[in-house]
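Go by the hints and put chain B onto chain A.
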Amino acid sequence: MRDVAIIGVGCTEFGELWDKSFRELFVEAGVSAIEDANVQGGKIDALYVGNMSGGRFIEQEHLGSLIADYSGLASLHIPSTRVEAACASGGLALRQGIIAVASGYHDIVIAGGAEKMTDVGVETTTDALAAAADREWEGIMGATFPGLYAMIARLHMHKYGTKQEQLAAVAVKNHHNGTMNPKAQFQNEISIETVLNSVMVADPLRVFDCSPITDGASAVVLAPAEIAHKFTDTPVYVKASAQASGTLSLHDRPDITTLDATVAAANRAYKMAKTTPKDIDFAEVHDCFTIAEICAIEDLGFVKKGEGGAATESGMTALGGKIPINPSGGLKACGHPVGATGVKQAVEITLQLRGEAGKRQIEGAEIGLTHNVGGSGGTAVVHIFGRDR
Amino acid sequence: MSVPRFWRRLKNLYNLIGTRCEKCGGFYYPPRNMCPKCRRNGVIVPFKYKGTGEVVTFTIVHSAAKDYSMLTPYILAIIKLDEGPRLTSQVICDPSEVHIGMKVKSAFRKLGEESDRGMIYYGTKFIPLEK
Chain A
1 MRDVAIIGVG CTEFGELWDK SFRELFVEAG VSAIEDANVQ GGKIDALYVG NMSGGRFIEQ
61 EHLGSLIADY SGLASLHIPS TRVEAACASG GLALRQGIIA VASGYHDIVI AGGAEKMTDV
121 GVETTTDALA AAADREWEGI MGATFPGLYA MIARLHMHKY GTKQEQLAAV AVKNHHNGTM
181 NPKAQFQNEI SIETVLNSVM VADPLRVFDC SPITDGASAV VLAPAEIAHK FTDTPVYVKA
241 SAQASGTLSL HDRPDITTLD ATVAAANRAY KMAKTTPKDI DFAEVHDCFT IAEICAIEDL
301 GFVKKGEGGA ATESGMTALG GKIPINPSGG LKACGHPVGA TGVKQAVEIT LQLRGEAGKR
361 QIEGAEIGLT HNVGGSGGTA VVHIFGRDR
Chain B
390 MSVPRFWRRL KNLYNLIGTR CEKCGGFYYP PRNMCPKCRR NGVIVPFKYK GTGEVVTFTI
450 VHSAAKDYSM LTPYILAIIK LDEGPRLTSQ VICDPSEVHI GMKVKSAFRK LGEESDRGMI
510 YYGTKFIPLE K
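Chains as they are written, first to last, in the working numbering: chain A, 1 to 389; chain B, 390 to 520.
FYI, nobody ran anything at the bench for these hints, they're computed from the structure. Among the clues, some could well be false.
Footprint (simulated), chain B over chain A, 3 or more residues, beta carbon under 8 Å [unchecked claim]:
| hint | stretch |
| --- | --- |
| 1 | 24-34 |
| 2 | 134-146 |
| 3 | 197-210 |
| 4 | 238-252 |
| 5 | 328-335 |
Owing to the predicted nature of the structure, the values given are computational and were not obtained by experimental measurement. Where is the CB? At the ideal position from N, CA and C, for every residue including glycine.
Here chain A stands alone, though its shape is the one from the complex:
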């Protein structure tokens, strides 16, 4: 296997982008990534697109072809593949791109993700997202995604004494980080009271505990590490790419407060990168709900099980803390265009490792981790990136 590097990144602004279509968003992200990498379109060998539900959100499937075509690449006939794993579609598209380069099948690969979620009403969006859970045994019983994560939160609070204020602290921190990210959907500060006084969605989760509905796209350009310096002075190296599956349904999970797919993917990634959780300087984790970030920092091994709430409250995961989590603002404040999220996480890590993250820059960051989850934990994708090969 060959080592792989990210040589260029691109991302649209995230938000309710009513004047932009799915194809325009993807092309915008892709073009900014290849311009960043200084690569000609004719050099691109393959394209991977992460997307959860084009069929439901824009009534369009066959997105691989659409994206290649509208990127002006149809005449080159390059392979273009749509990748789906619910909210982990982006992370998985990135992983497919990395595997393609590592294996030697392709040299220059674009891995991107895109989701256009605001062309349909909120009930359709809720239902489309619920398709990431088990339709026949969760959805039909009235399970929604906030409902499933609310049940994780309730049990976490019961078992470990996690408090609503600690859940809220995740949202407050991520909104603060979002104020420093010009691409973020929300760039405003909120307080613990904002969260605790917001509308209840699924008790104990309130609307400010939930990531928003977002349009957006992101892309990275991948190349074999040995030629990365031909394109950029600051390649970011892929030290590990790991994926794991778990039970589709939350009720079948051995421990409802542990995403065991995250644990498995993280263990594989740490082994592959010859690192431990202590070596990770910062991470972008899958905070689709505030409780999800608390579980993530526990399941990734940054804190002990049950201590995620207290760690967040103590400032350990804030910018300037021991291990900054979600400097981009995370899914919560940067936004969560489902298929784009996993790639956006890698874009943020790249900017941070290159020292180009502006006001939210983490000084001296050498190793960053991304963590992308599908559904309530049926899929987890963990990547580790470094400034050094």
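Positioned in the frame of chain A, the structure of chain B alone reads:
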């Protein structure tokens, strides 16, 4: 969900019929036709669950998908059946009464409906055992 898809599940949804593996003794609800322990060596047979169990965790859903909006707020819960398996369903009681560890039993109830002219889904929900 489409009519045929729902219809295929009627016996499981109406009567809490799942499966069990005669080889390892594993109980499965929702039903599985591949035993996760024995896989191809398993011997899967239908099994009717008693319908009693306890609440493992729960939430009160205030914002639902479109076929379920008329039910809000409703209690969504993970129930552990006495035979062992866990499932997702609703608990019918006052939201202030539901708690982790609450003993419940199954009851035949309406799950949801597709607008005023569409299909009505029925299935198994849970009610407090004491009542």
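Here is what the structure says about each hint:
For the stretch 24-34 of chain A, the assignment as covered by chain B is violated, since 0 residues bring a beta-carbon within under 8 Å of that chain's beta-carbons and 3 are needed. Counting residues of the stretch 134-146 of chain A whose CB lies closer than 8 Å to any CB of chain B gives 12, which reaches the minimum of 3, so the coverage claim holds. Under a criterion of three residues with beta carbons nearer than 8 Å to beta carbons of chain B, the stated coverage of the stretch 197-210 of chain A is upheld, 7 such residues being counted. Counting residues of the stretch 238-252 of chain A whose beta-carbon sits less than 8 Å from any beta-carbon of chain B gives 4, enough to reach three: the coverage restraint holds.
A count of 0 residues in the stretch 328-335 of chain A with a Cβ less than 8 Å from any Cβ of chain B is obtained; the coverage claim is therefore unmet, three being the minimum.
The structure is inconsistent with the numbered hints 1 and 5, although it conforms to all the rest.
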